[in-house]
Amino acid sequence: MEYQVNLGFFEGPLDLLFHLVKKNKLEINNISLAAVTEQYLAYIRKMQELDLDFAGDFLVTAAQLMELKSRTLLPSYQEKGDDKKAQPHELVTKLLEYKKFKELASQLREREENRGLFFTRDNEKLIDEIVSDLPEFNPLENVTLDDFREAFIKALRDAAKREKALKEAKEDDQPEFRVEEISIKDKLLELEAIIEESSGWITFGELFSTTTSRIEVVVTFLALLELIKLKKIKVSQNQLYGEILICREG
197 MEYQVNLGFF EGPLDLLFHL VKKNKLEINN ISLAAVTEQY LAYIRKMQEL
247 DLDFAGDFLV TAAQLMELKS RTLLPSYQEK GDDKKAQPHE LVTKLLEYKK
297 FKELASQLRE REENRGLFFT RDNEKLIDEI VSDLPEFNPL ENVTLDDFRE
347 AFIKALRDAA KREKALKEAK EDDQPEFRVE EISIKDKLLE LEAIIEESSG
397 WITFGELFST TTSRIEVVVT FLALLELIKL KKIKVSQNQL YGEILICREG
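If you're matching positions, the sequence shown starts at 197 in this note's numbering and goes up one per residue.
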């Protein structure tokens, strides 16, 4: 079963929705991103095994839609005195960077399978085109996007184990195991409280250690991205491959 968005006036895949918005075929202000997210969460609840690539693609496209909607709602995105387009939000840019590298990896993997991996001038041109589009800044202080993604994947795997154990423990007590409904709004407030109460920094692992399902991990991660977008938290890393640290901004 393929993931489909249903908003009444539109039904289809998420990437098509984003394409139509970019081409001004659909009005971004008519799109409820909360509804899109809730439908996504309902979809992955039905999956036997979470597809991590699918989860990553959703985060990229959802962040792009969030960025487009923010531009229409927030005056700060308007350029004063000229008609220049507002610069994309740093987080969205980094997510797009991840998507570009993912596409590059996919292309190189395909070539390797077809005829072996040879770095020809064609490969170099492809890499140069991608690298030339990458931003010089990094909104995640000393943290690579790959590390951030790997931490998210680990949190998903750990939560899947806890979810399985909890489900098995409850099978004797109740005939049907139901995942608790979690809203992004509630999770935002919860994360802000946890980070506020922490003395200094809290690790990424600690923040996700109490999640009991993959659904909760995804909602927590989306809430974390929103806090980064709002510049309410800082994300850092003291050493290569070290723990990812989170603290309140300011």
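Hints listed in this document are in silico derivations from the structure and should not be mistaken for laboratory results. Each hint should be verified, as a subset may be incorrect.
Keeping only pairs whose Cα atoms sit at most 27 Å apart, straight-line, the calculated DSS-like set for lysine-lysine is [said to hold, decoys possible]:
id: 1; residue 1: Lys-357; residue 2: Lys-383
id: 2; residue 1: Lys-381; residue 2: Lys-357
id: 3; residue 1: Lys-242; residue 2: Lys-381
id: 4; residue 1: Lys-427; residue 2: Lys-360
id: 5; residue 1: Lys-381; residue 2: Lys-350
id: 6; residue 1: Lys-360; residue 2: Lys-218
id: 7; residue 1: Lys-383; residue 2: Lys-425
id: 8; residue 1: Lys-430; residue 2: Lys-363
id: 9; residue 1: Lys-427; residue 2: Lys-242
id: 10; residue 1: Lys-242; residue 2: Lys-383
id: 11; residue 1: Lys-242; residue 2: Lys-221
id: 12; residue 1: Lys-242; residue 2: Lys-428
id: 13; residue 1: Lys-360; residue 2: Lys-350
id: 14; residue 1: Lys-428; residue 2: Lys-360
id: 15; residue 1: Lys-425; residue 2: Lys-219
id: 16; residue 1: Lys-425; residue 2: Lys-360
id: 17; residue 1: Lys-428; residue 2: Lys-357
id: 18; residue 1: Lys-218; residue 2: Lys-350
id: 19; residue 1: Lys-357; residue 2: Lys-427
id: 20; residue 1: Lys-363; residue 2: Lys-428
id: 21; residue 1: Lys-381; residue 2: Lys-363
id: 22; residue 1: Lys-357; residue 2: Lys-218
Consistency of the hints with the structure:
Restraint check for Lys-357 and Lys-383: the C-alpha separation of about 21 Å stays at or below 27 Å, so the hint holds. A threshold of 27 Å between alpha carbons decides the hint, and for Lys-381 with Lys-357 the separation of about 26 Å falls inside it, so the pair holds. Using a Cα cut-off of 27 Å, the hinted pair Lys-242 and Lys-381 holds, with the two alpha carbons roughly 23 Å apart. The hinted pair formed by Lys-427 and Lys-360 fails the criterion: a straight-line CA distance of about 35 Å is larger than 27 Å.
For the suggested pair Lys-381 and Lys-350, the alpha carbons sit about 24 Å apart, so the restraint of at most 27 Å is met. The suggested pairing of Lys-360 with Lys-218 is violated, with an alpha-carbon distance near 40 Å, which exceeds 27 Å. For a cut-off of 27 Å, the pair hint linking Lys-383 to Lys-425 stands: about 15 Å separates their Cα positions. For the hint pairing Lys-430 with Lys-363, the CA-to-CA distance comes to about 35 Å; that exceeds 27 Å, so the pair is violated.
Distance restraint check for Lys-427 and Lys-242: the Cα-Cα separation of roughly 34 Å exceeds the 27 Å cut-off, and the hinted pair is therefore not satisfied. Proximity of Lys-242 to Lys-383 is assessed by CA-CA distance (about 22 Å); at most 27 Å being required, the pair is judged to hold. Proposed proximity of Lys-242 and Lys-221 is contradicted: the alpha carbons are some 31 Å apart, above 27 Å. Taking the CA atoms of Lys-242 and Lys-428, the gap is about 33 Å. The hint is violated against a cut of 27 Å.
Only pairs whose Cα atoms come within 27 Å are accepted, and Lys-360 paired with Lys-350 is accepted, the gap being roughly 15 Å. A threshold of 27 Å between alpha carbons decides the hint, and for Lys-428 with Lys-360 the separation of about 33 Å lies outside it, so the pair is violated. Between the alpha carbons of Lys-425 and Lys-219 the distance comes to roughly 25 Å, so the proposed pair stays at or under 27 Å and holds. The suggested pairing of Lys-425 with Lys-360 is violated, with an alpha-carbon distance near 32 Å, which exceeds 27 Å.
At roughly 31 Å between alpha-carbon atoms, Lys-428 and Lys-357 are farther apart than 27 Å, so this suggested pair is violated. Between Lys-218 and Lys-350 the alpha-carbon distance is near 33 Å, which puts this suggested pair outside the 27 Å criterion. A threshold of 27 Å between alpha carbons decides the hint, and for Lys-357 with Lys-427 the separation of about 32 Å lies outside it, so the pair is violated. Proximity of Lys-363 to Lys-428 is assessed by CA-CA distance (about 35 Å); at most 27 Å being required, the pair is judged violated.
For the suggested pair Lys-381 and Lys-363, the alpha carbons sit about 26 Å apart, so the restraint of at most 27 Å is met. In summary, the hint linking Lys-357 to Lys-218 is not supported, as the alpha carbons are separated by about 39 Å, beyond the 27 Å threshold.
Violated hints, in rising order: 4, 6, 8, 9, 11, 12, 14, 16, 17, 18, 19, 20, 22; the structure is consistent with all others.
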